[in-house]
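Participant: When you get a sec, could you build the whole thing from the sequences and use the hints?
Listed here are the chains, written in short residue letters.
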Amino acid sequence: MFHTRIMRKLSIIAPLAITALLSATTISAAEPKAGGTLNTTSTGYRTLNPAVQSGAATGVPGSQIFAGLVLIDEDYKATPYLAESWTVSDDNLTYSFKLVEGAKFHDGQPITSEDVAFSLETVKANHPFGKAMFSNVEAVETPDASTAVFRLSAPIPGLLLSMEPLLLPIIPKHVYGDGQELKKHPRNMENVIGSGPFKVAENTPAERLVLVKNEDFFIEGRPYLDKLVFSIVKDSLTRVLMMEKGEIDYVGFSGIRATDAGRLEKTGRLTVTTEGYGAVGYIHYLELNLRDKPFSDLKVREALAHAIDTSFIAKILFGGRVNAGTGPLHTGSVFYSGDVPSFEADLEKAAALLDEAGYPVGANDERFSFTLDIPSWAKQAHGPMGEYIQSQLGKIGIKVELRQAPDFGTWVKRISSFDYQATMNGSFNYPDPVIGVHRHFDCDNIRNVIWSNTQGYCDPAMDALLDAAAVETDLDKRKATYAEIQRKAVEDLVFIYMPQDFTATVYSDKVGNPPSSVFGPLAPWHDVYLKD
Amino acid sequence: MVKSLSKRIGNAVILLLAVLVLNFTLIHIAPGDPVEVLAGEMGGATPELLAELRADFGLDQPFHVQLFTYLGNVLQGNLGYSFYYDKPVTELIFDRIGATLLLVITALLFALFVGTALGIASAQKRNSLLSNVVTLLSLAGFSAPVFWIGIMLILLLSVALPIFPIAGMATADEPEGNFAYILDVVWHLVLPALTLASIYLAFYSRLSRASMLEVLESDYIRTARAKGLSRFLVVYKHALRNAVLPVVTFAGLQFAQVISGAVLVETVFAWPGLGTLAFESILRRDSPTLLGILFFSAVLVLVVNIVVDIAYRIIDPRISAK
Amino acid sequence: MIDSSLDNFNTEPMEKPASPARQTWKMFSSNQSAVAGLILLAIVLIFSLVGPLVYQVAPTEMVWMPLTPPLESEYLLGTDYLGRDILAGLINGGRITIAIGASAALLTIVIGVTIGALAGYYGGWVDNLLMRVTEFFQVLPNLLLAMVVVMLFSATLTNIAIAIGIVSWTSTARLTRAEFLRLRSMDYVRAERSIGAKNRRIIWAVILPNAAPPLIVSAALSIGTAILFEAGLAFLGLSDPNNMSWGRMIGDNRPYILDSWWGVTFPGIAIFLTVLAISLVGDGLNDALNPKLRKR
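Residue numbers (the working numbering), protein chains in the order written: chain E, 4 to 535; chain H, 42 to 363; chain Z, 938 to 1233.
Just so you know, the hints here were simulated from the structure itself, not pulled from any lab data.
Because the structure is a prediction, the values reported are computed rather than measured.
Warning: the hint list may mix true and false statements.
As the list claims (entries may be wrong) - Derived lysine-lysine pairs resembling DSS-like cross-links, with alpha carbons at most 27 Å apart: (1) E/Lys187 - H/Lys128; (2) H/Lys166 - Z/Lys963; (3) E/Lys176 - H/Lys128; (4) H/Lys128 - E/Lys237.
Facilitator: The structure is reproduced here in structure tokens:
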């Protein structure tokens, strides 16, 4: 009933949204100019070293401070960065990188192949996805100071994608190679020596991070900007107000809500875009513990899928600015396939399935009840989703008790020790599905680690598909395998997919060349400039 | 006076010890392991790293060993090491305390002066318009949630009429020059200080009005008036001093609650002080930081109270004579 | 957060109050603002207790487009970010808010009166010990302490009420102690003692009723304080996600405030009016029960 009433109202709004989108894509071509300070924000970080920490909080400033071997463009193609060229052997097992001549760290020491080898070891051992990305890299050889040769034990189709500064930052061996535990190294926060376009000038964790132009950057004439100022603002409302007031020029992972986007666009100065997050692929889902009743029963999961109207959440609660999310892959991924079973919104069908599964309506009009955990780290997405699910399932006699996790650790503990019934959750695809997608489906990855296969899904057929996709170097064949993986994941309802995250970049019309690759704000900003 | 002061300080030390022990216990029986939080923030960690981190922070020791180690460290002025920031807690606190003190002291002084003035003025003429307005305003300040007042002020004076900055303590790109910087901070301070002051403004005007009324009706004031002293002299020389006494006492007693208010106000205005630090530490199970803040505010409250006590004796010498 | 210790100073020493309830009511009803407060309080109570029977929109139901402004649909006060009816939220949240406020206040009074009575009556080391405990709670910022407690045991309605009660009893304890100190040497107490009455009887049956007037005022005011406290915790994200309360409404709607001033303004006004009503009634009671003011 109210669905239709709301949808009718929505049809009036939709054309407006499209016009806004079109006007946003007109980009004026002006001559870049050097100089100026770019104001941006951060929600706060505990380390500036992306080699040991994933996530945008570290990644955005980290990619400015540290350079990587390659950059990835809009089409997922690698382009030279710290490596001026590279060759790949025919068997895809040897990658040989030639470093830019004369590149230096911020302390003036030369960047050598030794540092590349050291960085790879560091990431492999310390980064949360280190093993997923590089476990097949057997060794990095350093025949001379400017050549690094990666020897692989098996092909890694997405290897170059993982050479972006975000995922393989080149860190100085003479600083971090002193034997201290890398995850806790003091130089991750203090006196950080990087290799990228900007140097750390001031790091006051509660207030701000100031990065200044690296005059000796290995790309001539870059960066354009003199200074980047990251104000630490944790509160999303405050951030929106600052953007509206013009106190922020550019911010990626802006943390704004879909409802704020229209308001910011109305200023006429600001552009809000969800482009540039393809390599991140931030998706949300309802995770059910598949070990125990009632969710071990596929019929029950199907009932839930019919009761939860994902496109309603996307259109109404997130203002139609996000995609509904059909499976494990983000719609921005090259491997995305929409050819998956769909569960139309139908409460009666849901009720019938529950009857069939042996959960008839009992006392108090209740079939069964369960506790749904709401983690604290993406409350603005998971809160409304959880409340919607609670209200919707209530209509078919399932009582949902929401449990707000008081802190990150409590939630992590519950989920990673499998001590939960259901939780709202979300994760990043990352540029290659091997990194961000396989972890949720692999039988071997049922581990006491968060964002692994915590729900306990295991199917040999799925494992075989995953193994095949991991080493397939032919793009089309690989796409076909991933299409099958997506179909199977949805068929088995491993998760119930929610709308994708509203991850948005906001920038003012003063900003020229806003980062536009699939890594978006996580890529270096050396081409960004300020117009007059 | 010296004797009673040293007794107070002795009391304070025992109290602080109790604060340390009880808070330590409370936080350590809490579910949720700080190392798990840290591992989560790192994006997952192996059991080996977890064990290593636990050993690093001494969390693998039995409870009483941890407690005594902590007490010993505090005696040496070491409040421990923040799990999250990987920094000594004392350093974190000293980074933030300036912002909080600036906010709290500005708000309190403002509330104290304006509130007392309003209270005394309204006590002069009961049932006058001023008196009624003050009563009403103080009730209003009492009855509205302080963070809500803050949000309303932002909507009014930052969004609808963009006069004041929305949040933070300084403009992101700091203006050059000391004077410009100070001006910038003052500009950012106005709304948070006004918000925090609102509750205490209500409080002090009510309090000073009540005690002024009482003093004005007391025998010695009547005698003074009867002796023909001018109204002005009577009010400001005799009555004022006595009316201010409870206000000063309360400033001390309420100080702990002012810090509570600061947590809310700092959150609304993203003010980089101890309040926001405390809130974050709770969310991150950063117990050393949280313990440090609780301890530190207890120290602050006790010091303020002892100072108030001394001030009290100076204002009213009769107390020390007793 | 302010605690309601103001009454320490408002409450004048009292003679044994022989005045009947009628005299108090006469005094109270002649006080215009107190009567206004009482009427306001009655309206709030009717709104929250009878309201759900009259206005049958479920507060959790998504009824209309999210963030619809007031008066633009059949839902008078507009809808929130999930398209839930704000009015339904106010009506149903009121019950929870008042329940938390009242039970937290009850706990405040029980702890405060017990500790204050024992300290004031026995004096000596008992007094010394209990006052140190009181000071302990006074030197810690009560909101921070309550936050820790709520996090410890998770944010359920009961735990929130308990946390508020645990951290806000100190002023009641001091007030009770002062009353007991004053009353314990009164003639009628001595008389009781001389006929061999037990301490327990003297404390609870003899002194307490005589100390009641200021405690009643304090109890009334602490309901208001507890409601503000709940709102503060909810604003910081510490509220029960399964129950609507005014504080939770403000906390939940705050991120959307730029698009929906109504989402946080109406629950704020509801809190404001309720606490104001309680303060007015408390003040009225204070004046009515206070013989010294009565003379004026």
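Participant: Now tell me, hint by hint, if it's right for this structure.
Facilitator: Against the structure, the hints come out as follows:
1. Between the alpha carbons of E/Lys187 and H/Lys128 the distance comes to roughly 11 Å, so the proposed pair stays at or under 27 Å and holds.
2. The suggested pairing of H/Lys166 with Z/Lys963 holds, with an alpha-carbon distance near 25 Å, which does not exceed 27 Å.
3. At roughly 24 Å between alpha-carbon atoms, E/Lys176 and H/Lys128 fall within 27 Å of each other, so this suggested pair holds.
4. Of the pairs offered as hints, the one joining H/Lys128 and E/Lys237 holds, with about 20 Å between alpha carbons and a cut-off of 27 Å not exceeded.
Checked against the numbered hints listed earlier, the structure breaks none of them; every hint is satisfied.
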